[in-house]
Amino acid sequence: MTEQLALLDVSQRVAEITLNRPDQMNALTPGLLQAVSEHLAAIAGRDDVTVVVLTGAGRAFSAGVDLKALQSAGIDAAGGDVGNALNDLARQVIEQIAVMPQAVIAKINGFCFTGALEIALACDLRVAAEEAKFGDTHAVLGFRPTWGMTQRLPRIVGAQRARELSFTARTFTGREAADFGLVLEAVPRADLDQVVADLAQKIAANSPGSIAAYKDLYRVAADRGLTDGLAFEAGTEYEIPDTGDRVAAFMKQRLG
835 MTEQLALLDV
845 SQRVAEITLN
855 RPDQMNALTP
865 GLLQAVSEHL
875 AAIAGRDDVT
885 VVVLTGAGRA
895 FSAGVDLKAL
905 QSAGIDAAGG
915 DVGNALNDLA
925 RQVIEQIAVM
935 PQAVIAKING
945 FCFTGALEIA
955 LACDLRVAAE
965 EAKFGDTHAV
975 LGFRPTWGMT
985 QRLPRIVGAQ
995 RARELSFTAR
1005 TFTGREAADF
1015 GLVLEAVPRA
1025 DLDQVVADLA
1035 QKIAANSPGS
1045 IAAYKDLYRV
1055 AADRGLTDGL
1065 AFEAGTEYEI
1075 PDTGDRVAAF
1085 MKQRLG
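With positions in the sequence shown counted from 1, the corresponding number in this note's numbering is that position plus 834.
Just so you know, the hints here were simulated from the structure itself, not pulled from any lab data. Owing to the predicted nature of the structure, the values given are computational and were not obtained by experimental measurement. Treat each hint with caution, since some may be false.
[To be verified] In silico DSSO-like pairs for lysine-lysine, Cα to Cα no more than 30 angstroms straight-line:
#1 K1036 x K1049
#2 K1086 x K1049
#3 K1086 x K1036
[What the hints assert, rightly or not] Pairwise CB distance ranges, derived in the manner of DEER restraints:
#4 A1082 x S906: 53 to 63 angstroms
#5 Q1087 x L901: 20 to 30 angstroms
#6 P988 x Y1072: 21 to 31 angstroms
Just so you know, even glycine gets a beta-carbon here, dropped at the ideal spot from N, CA and C.
Go ahead and model the full structure; you've got the sequences and the hints to work with.
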């Protein structure tokens, strides 16, 4: 059951995790989040994977929290909080994305709302279909963000735009998301798979150790600020075992 909720495919150093509740627009439940978490944990320890692509089956990346499941579980969401059963797993998934050594790309194929947007914001890169629909709809339903929206969204799109999107709870397109800097690129839905595959392969062709080091350093820069980040960059050592081979191959190619 767990395996069916999130599918995993690994090929050419790229692992793709697909949220697999298409009839429910991949709405988030504890079971789905647990399935994603298990895949992320397994991938993080693999040395044959450099890039992770996170996407959704069908018409949606994810429509956000499954409100029907929330009600069925008897959670009254007092104070606008969805409860620890979801909070703990969602935060776990987000932390795994943030600290795993692989680069993580959110391939946003369709609807991406609220809690799903919070997960996408934790990914290293986001590429969307132009036709995708985004929104932070916490305020429509009287919820408050608990998975990092207020911390990550303003860092990515700026404080004023983040407030506007959250306060109005309006829906916006993949093209607008690109204009805001929320996604790296917005492309026609028909081209999305190939564009993300090409991006993933460009990353996967590089040193896994370098990618892991970059990811850690960028994370620390965001968390600590410039002064501490510079000190961390200068003083931290990483294991990158393929440096010698890559330099030799580069020199051989360059010198003929």
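Now for the hints, and whether the structure bears them out:
Distance check on the hinted pair: K1036 and K1049 sit about 16 angstroms apart at the alpha-carbon level, within 30 angstroms; holds. With a C-alpha separation of about 29 angstroms, the suggested pairing of K1086 with K1049 holds against the 30 angstroms cut-off. Annotation: proposed proximity of K1086 to K1036 holds, straight-line Cα distance about 21 angstroms (limit 30 angstroms). Look at A1082 against S906: about 60 angstroms separates their beta carbons, and that is inside 53 to 63 angstroms.
Distance hint check for Q1087 and L901: the Cβ-Cβ separation is about 56 angstroms, which falls outside the suggested range of 20 to 30 angstroms. In this structure the hint that P988 and Y1072 lie 21 to 31 angstroms apart at CB holds, the actual value being about 30 angstroms.
Hint violations for this structure: number 5 only, all remaining hints satisfied.
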